[in-house]
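Q: Chains as they are written, first to last, in this note's numbering: chain A, 1 to 306; chain B, 1 to 306.
Hints listed in this document are in silico derivations from the structure and should not be mistaken for laboratory results. Misleading hints may appear alongside valid ones.
No distinction is drawn between identical chains; accordingly, a pair holds when it is met within one copy or between any pair of copies.
[What the hints assert, rightly or not] Calculated lysine-lysine pairs in the DSS-like style (CA-CA distance at most 30 Å, straight line): (1) K216 with K289; (2) K216 with K57; (3) K58 with K288; (4) K107 with K257; (5) K119 with K289; (6) K216 with K288; (7) K216 with K7; (8) K119 with K7; (9) K57 with K76; (10) K216 with K18; (11) K3 with K119; (12) K3 with K288; (13) K101 with K298.
There are 2 protein chains.
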Amino acid sequence: MSKYSGKNLATLSEVEIKQWIDSFDTVLTDCDGVIWVDNNPLPGAPEVVNKFIENGKKLFFVTNNSTKTRPEFVEKAVRLGFNVTIDNIISTAYLAAQYLKNVGFSKTVYTIGSTGITKELDAVGIRHIGVGPDTLRETLADTVADFVPDPDVGAVIVGFDEHFSFVKMMKAASYLNLPGVIFLATNTDERFPMPDRVIPGTGAIVNAVVTSAERKPIVMGKPNPHICEIIRKQYNVDPARTLMIGDRCNTDILLGKNCDFQTLLVETGIHKAADIEQYAASDDPETKKLVPDVYLAKLGDLLPFL
Amino acid sequence: MSKYSGKNLATLSEVEIKQWIDSFDTVLTDCDGVIWVDNNPLPGAPEVVNKFIENGKKLFFVTNNSTKTRPEFVEKAVRLGFNVTIDNIISTAYLAAQYLKNVGFSKTVYTIGSTGITKELDAVGIRHIGVGPDTLRETLADTVADFVPDPDVGAVIVGFDEHFSFVKMMKAASYLNLPGVIFLATNTDERFPMPDRVIPGTGAIVNAVVTSAERKPIVMGKPNPHICEIIRKQYNVDPARTLMIGDRCNTDILLGKNCDFQTLLVETGIHKAADIEQYAASDDPETKKLVPDVYLAKLGDLLPFL
Numbered sequence: 001m002s003k004y005s006g007k008n009l010a011t012l013s014e015v016e017i018k019q020w021i022d023s024f025d026t027v028l029t030d031c032d033g034v035i036w037v038d039n040n041p042l043p044g045a046p047e048v049v050n051k052f053i054e055n056g057k058k059l060f061f062v063t064n065n066s067t068k069t070r071p072e073f074v075e076k077a078v079r080l081g082f083n084v085t086i087d088n089i090i091s092t093a094y095l096a097a098q099y100l101k102n103v104g105f106s107k108t109v110y111t112i113g114s115t116g117i118t119k120e121l122d123a124v125g126i127r128h129i130g131v132g133p134d135t136l137r138e139t140l141a142d143t144v145a146d147f148v149p150d151p152d153v154g155a156v157i158v159g160f161d162e163h164f165s166f167v168k169m170m171k172a173a174s175y176l177n178l179p180g181v182i183f184l185a186t187n188t189d190e191r192f193p194m195p196d197r198v199i200p201g202t203g204a205i206v207n208a209v210v211t212s213a214e215r216k217p218i219v220m221g222k223p224n225p226h227i228c229e230i231i232r233k234q235y236n237v238d239p240a241r242t243l244m245i246g247d248r249c250n251t252d253i254l255l256g257k258n259c260d261f262q263t264l265l266v267e268t269g270i271h272k273a274a275d276i277e278q279y280a281a282s283d284d285p286e287t288k289k290l291v292p293d294v295y296l297a298k299l300g301d302l303l304p305f306l
Numbered sequence: 001m002s003k004y005s006g007k008n009l010a011t012l013s014e015v016e017i018k019q020w021i022d023s024f025d026t027v028l029t030d031c032d033g034v035i036w037v038d039n040n041p042l043p044g045a046p047e048v049v050n051k052f053i054e055n056g057k058k059l060f061f062v063t064n065n066s067t068k069t070r071p072e073f074v075e076k077a078v079r080l081g082f083n084v085t086i087d088n089i090i091s092t093a094y095l096a097a098q099y100l101k102n103v104g105f106s107k108t109v110y111t112i113g114s115t116g117i118t119k120e121l122d123a124v125g126i127r128h129i130g131v132g133p134d135t136l137r138e139t140l141a142d143t144v145a146d147f148v149p150d151p152d153v154g155a156v157i158v159g160f161d162e163h164f165s166f167v168k169m170m171k172a173a174s175y176l177n178l179p180g181v182i183f184l185a186t187n188t189d190e191r192f193p194m195p196d197r198v199i200p201g202t203g204a205i206v207n208a209v210v211t212s213a214e215r216k217p218i219v220m221g222k223p224n225p226h227i228c229e230i231i232r233k234q235y236n237v238d239p240a241r242t243l244m245i246g247d248r249c250n251t252d253i254l255l256g257k258n259c260d261f262q263t264l265l266v267e268t269g270i271h272k273a274a275d276i277e278q279y280a281a282s283d284d285p286e287t288k289k290l291v292p293d294v295y296l297a298k299l300g301d302l303l304p305f306l
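Use the sequences and the hints to build the structure in full.
A: Next up, the structure:
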């Protein structure tokens, strides 16, 4: 439990900031909007991350993005100046593959998603089908008749899939109707707004499958509790001495709260100080959970204190 | 308010049944599972429906199916022995087109759905785009860049669409992000279970669009309140003297309850007497609403009393 709530780090003294930095020895950080935006590192972010690692803190990038494998994340991070290896990356596609490995899964996965997921399955030796385009053949009746369910399918994973289609939804719902079939979702982000466009997120695809399957998935991504279990157990982390850094209160900060981590919001992405004020003023305890312990204009501002 | 609740009609006396029949002068009936199953009329159903009409009752087929136009429904009904015309059909595609006509809509509709919807829009002179296959061109980035929103789009209709795709979801969410764009859904049926297969329903497509658009639609179909308004106003119906007949308690019977109609469940489709008993035993008022006034093994059993 932090002694701060909704506090601007920049208003603390140097001694207080250094004490705060000494209060955690594990750092989990979101990527987009915190350490980089698209293909550009945020000012000072690589230096801060690299200093954390040099100073002996355990550091993990925690991302809901299911379209890249961990090696692909590392390649990008290194290119942008971060001194990290594959062991510093926790991605939802990796978590999904680890989940199945940990339960001793030995069947086939029907995947709605991209090679970001299937390569992580390949890495743990799990067979998969379904990736890539899959659209209607002639009529719906023909397509349904042509669909011979693979009797070896024992799990369905749903992640981000630009080829998502009615046919894929039909197949996923049909597999999920069978007894014992595991249902995993990488994450539930609703959408990515852009100027004049809205790109649907994995959450939209997940909700379509949930509606037709009449089942809820185990969700790997932030802010769902599954990720806490993995982080605590697999990485042997002390929650009280762990800091979660993010730019979104309803995923990153909420994950931190759900895991009893300390929390830092940086204002280089989605949410800002004004959002925090609004959450803090709410009477709803669920909304109050969105208030980070501390916030800062940008991660790079920590550099002078490291 | 009916004097019955969860009563088996077959246990009433002939006088009581005739009094019950005299208590309504409008009949709304679901189609599949009540008057026909696929392409076969249920025994006695055409005779009962035709007798209702001969005896001067107003009669309407009310269907959530958005894949057929009203003329297509009439063609099927007549072929199966029902003496009905287009004026006896209330379909969700028709209701969506009527909704836009009634609000003086004069722009273009982006449609996720089939020609069942677009022919009804044609019939009221409303332009539309979007029907048919629409999948990824090369990469997602290319597809997003190629998408030039039509500035004339002022409404999005979502119905059953076997060509539903990520690209369609992206376009719908993008249009729905613009101010003033109307959002209609034909219905929210979740799915159609078949042996070894699950066919997703319109509700699955609607929930995908709702998640990415972060907006709720006005729903035309049963059991949503919009249909009550249309039935009461457009058809000048007295709710207390109207009977809703159906085979599903959570759509047909609930629609009846939501509209203050009388209700009859027939056991030739989804729900049976055992379901009614279970609903009636519930302490939850929402579940209790699923109990029809009366039920009957099949609609044809009314014939001797007409």
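Q: Is it within, between, both or neither when you check K216 against K7 at 30 Å Cα-Cα?
A: Neither way: K216 and K7 sit 37 Å apart in one copy and 36 Å across, limit 30 Å.
Q: Tell me, please, which holds for K216 and K18 at an alpha-carbon limit of 30 Å: within, between, both or neither?
A: Intra 43 Å, inter 48 Å, cutoff 30 Å: neither.
Q: Please sort K216 with K57 into within, between, both or neither, judging by C-alpha distance up to 30 Å.
A: For K216 and K57, neither the intra-copy (36 Å) nor the inter-copy (45 Å) Cα distance is at most 30 Å.
Q: Checking an output row: K58 and K288, CA cutoff 30 Å. Within, between, both or neither?
A: within (28 Å within a copy, 56 Å between copies)
Q: With identical chains, the pair K3 and K119 could be close in the same copy or across copies; at 30 Å between alpha carbons, which is it: within, between, both, or neither?
A: Classified as neither; 42 Å inside a copy, 64 Å across copies.
Q: First find the shortest C-alpha distance between K216 and K289 inside one copy, then the shortest across copies, and answer within, between, both or neither for a cut-off of 30 Å.
A: For K216 and K289, both the intra-copy (24 Å) and inter-copy (26 Å) Cα distances are at most 30 Å.
Q: At most 30 Å between alpha carbons: which applies to K119 and K7, within, between, both or neither?
A: Classified as neither: same-chain Cα gap 41 Å, cross-chain 59 Å, threshold 30 Å.
Q: How would you classify K101 and K298 at a CA-CA limit of 30 Å: within, between, both, or neither?
A: neither (37 Å within a copy, 52 Å between copies)
Q: Checking an output row: K3 and K288, CA cutoff 30 Å. Within, between, both or neither?
A: Classified as within: same-chain Cα gap 16 Å, cross-chain 50 Å, threshold 30 Å.
Q: Given identical chains, is K119 near K289, meaning Cα to Cα at most 30 Å, within a copy, between copies, both, or neither?
A: neither (35 Å within a copy, 50 Å between copies)
Q: At most 30 Å between CA atoms: does that hold for K107 and K257 within a copy, between copies, both, or neither?
A: neither (35 Å within a copy, 47 Å between copies)
Q: How do K216 and K288 come out at 30 Å by Cα distance, when the copy is not named: within, between, both, or neither?
A: both (26 Å within a copy, 26 Å between copies)
In this structure, the earlier hints numbered 2, 4, 5, 7, 8, 10, 11, 13 are contradicted, and the remaining ones agree with it.
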